[in-house]
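Participant: Taken in order, these protein sequences are the chains called A and B. Sequential numbering of the first sequence, starting at 1, is according to the numbering used here. Sequential numbering of the second sequence, starting at 1, is according to the numbering used here.
It should be emphasised that the hints constitute simulated quantities derived from the structure, not laboratory data. Owing to the predicted nature of the structure, the values given are computational and were not obtained by experimental measurement. Note that the Cβ used here is the ideal one computed from N, Cα and C, for glycine as well. Each hint should be verified, as a subset may be incorrect.
Pair ranges (Cβ atoms, derived) [unchecked claim]: (1) B:11 / A:407: 48 to 56 Å; (2) A:12 / B:74: 50 to 58 Å; (3) B:75 / A:144: 27 to 35 Å; (4) A:35 / B:75: 42 to 50 Å; (5) A:407 / B:200: 38 to 46 Å; (6) B:74 / A:250: 49 to 57 Å.
The following residues of chain B were derived to be distant from chain A, with all beta-carbon distances above 10 Å [said to hold, decoys possible]: (7) 31; (8) 104; (9) 105; (10) 162; (11) 185; (12) 197; (13) 279; (14) 329; (15) 374; (16) 389; (17) 393; (18) 417.
2 protein chains.
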Amino acid sequence: MSMLITNISLDGEEAAIYIEAGHIRTIYRKEQLPPQVDTDELIDGGGAYVVPALKNGHTHAAMTLLRGFADDMKLQPWLEQKIWPTEAKLTAEDIYWGTRLAALEMIKSGTVFFTDMYFHYPESRQAIQDAGIKAASGPALLDFFDDQAGRERRREMQELFSQYGNQNPEHEQILFTPAPHSIYTVSSKTLRWLGDFSRDNNLPLHIHVSETKKEVDDCLQQHSMRPVEYLDSLGLLSPRTIAAHAVWLEEKELDVLAKRGVTVVHNPVSNMKLSSGSCFPFKDLRDRNIPMLMGTDGCSSNNNLDLFEEMKIAALLQKHHFGDPELLNAEEVFAIGTGAAAGIGGGNGVFPNISSEVKEGAHADLLLIDPEHVQMVPNYNLISNLVYSAGAAAVDTVVCRGKVLMRSGKVDGEEETVRHAGRCAQALLERL
Amino acid sequence: MSMLITNISLDGEEAAIYIEAGHIRTIYRKEQLPPQVDTDELIDGGGAYVVPALKNGHTHAAMTLLRGFADDMKLQPWLEQKIWPTEAKLTAEDIYWGTRLAALEMIKSGTVFFTDMYFHYPESRQAIQDAGIKAASGPALLDFFDDQAGRERRREMQELFSQYGNQNPEHEQILFTPAPHSIYTVSSKTLRWLGDFSRDNNLPLHIHVSETKKEVDDCLQQHSMRPVEYLDSLGLLSPRTIAAHAVWLEEKELDVLAKRGVTVVHNPVSNMKLSSGSCFPFKDLRDRNIPMLMGTDGCSSNNNLDLFEEMKIAALLQKHHFGDPELLNAEEVFAIGTGAAAGIGGGNGVFPNISSEVKEGAHADLLLIDPEHVQMVPNYNLISNLVYSAGAAAVDTVVCRGKVLMRSGKVDGEEETVRHAGRCAQALLERL
């Protein structure tokens, strides 16, 4: 399966891209244009700008079904009265269509990969596969410090890995990625086991870290260590670890994250909406070369999966919170959104199934941007326009795994996904 | 000219709306459906949700031509090295197409009215008129404390008013609205004259107030008063006054704003991007019933004119800055975006040419929202979905002055506007 995309603008000059077996084989420029190659599929880019697709470092995809269910509440009543009782009523079918809705929304906003943490693994995995998007996907794990539950969860993890485990990580659409929820829902025994499991099988590992002050205070009281130190003492931190949120960090924890090569995911909208307090210490992470990704978190605390919006808000938040308009500029935040700031496709092998650049040999995951979109004009600075102005609205075409997932803003079968997700939400409401 | 919009959802129930001469004449519900009326134009809403259109309380429309020209800089070098020298090169034609581009962008994101402050008044006014959108529009005034310049600017203001002044405010598409730039660019003599001019002619008056700490510190040093007190001493504050930004306010200033009935415009994106410091004191304003609007500011400090995005960021910023997730909820911020929180169309007569509700007798300025948009599903809470999830992307149809300005996401002549604006920007770049 090959594809040729012609009549595009790459790095400010006219180009064409030849894609084969999910990878960018050749980039043609100047005197090589038009390229003389046989191809299965020919796409006229219409003068579109080509940029790397976005990667969502932390979400709970199927929570699209809880979009707008409860907002503007304090954390504990929101979780205890609204989110948890509703989540408990989600069926396997809900998870399938909730994840399909999430994948559709991400594709439509230029995202081709996400790190997921949720329940009903077979169904969420099937939904990801059917949607054609890439992922590093759960299963989530919580044992609530119960020995027997811990044993069962570890056995389930082992079984799911036997069934779905990564054969060839570079070519997997979905990387099997254990997702212990957090230090306040998973026992140290299970966490330690997962650290070993991740190391022995070379698996990414996805966990919430230092999202709230309460998490830090409780950890200090119980373990006389801060969360990052505690996780490190359990052998859980490595270049395979994806730490979501990380807003309450001290210097010594930053040093540990840097030393261990942990990838940290920034979720500004969720942190602001839930008033997590503090602020993602971008400058401290950048100065230590800590790999960074951008994440949307789940739809119940955002309430969308639009990473372009997330990038703009991230840049605004740093400037506001730290009082420095030069902090986290458009290029820097775009590098976080594409995975470049995490070294994805470069030095960091945590997600070998994606790349962060449009270059020969890279995975063919890219976006065509409409140059005539009202918010893309004038075009003094492409990245500024993408981050601060047009965002997702200007994404015309999405290519993932060398296949077209969206063309002229349309995704095959999107009406069906929206209809089924709406039906599941309605039925969920009636069950409550 | 009459219009009937059928098959819509209003306040959660099926409805139809009959519009005549720019106003909502009749709302049909339940047993009155389908309505039996003759009409010039019939629109099938396709099950769309109907909501009031948004109003942009503060912008500099033609600055679309400076979108992305300079970002991520400190205020003074940004203004002195980038913005001012470039603005000085803008021609009357630039202003026309820059304003057309702005109007197009606002229409496409659900905004039907804006308060503008800029130069080349005849051309910006012509652009607004041609675009079909409503406005309270300039001219901007700066005299830089020069007596002769002050005399000339006041004479020009008087002349422009003679030419364009409001005949019948309730039916004007464009309200003539003097726009003294600020206390640090306009002399007290001219400000005092404008206060009288606004009162004598019943004109809205639009001014930047307390955007930066420097403005406050300089005012204290020069006048021994804070900016709001100083403006009040000049007779400039009244229910006709539109005060943009207002992030550096003390208690006594809040009391003055409340007493004078000033409408305050919140511009969170611009304030965050430029690190204006402090934060719009929403709760203090709400508790004093101070009228509030939402604004985007100009495209050089945003970099778009999307009020839906502005509402989401406003809600997130309050929660983050003040550490309270319940602060500025979706309904409250939507009321600011539509003008309801400013009493527009209700007690506050500052802009008699707009309304903030979809009700009989109101101006026919409304939006049809696509119920099948991926980010509108599920629909537990329409306002939450509009503010926190879908935003502008779900706006299908825009009605302003009882006329359809956008249908199925398309605006007549949009390609031409984008092309001309792009051409003007290119020529501007070559002149620099």
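Participant: Can you name, in rising order, the numbers of the hints this structure does not satisfy?
Facilitator: Hint check: 1, 2, 3, 5, 6, 8, 9, 13, 14, 15, 16, 17 and 18 fail, others pass.
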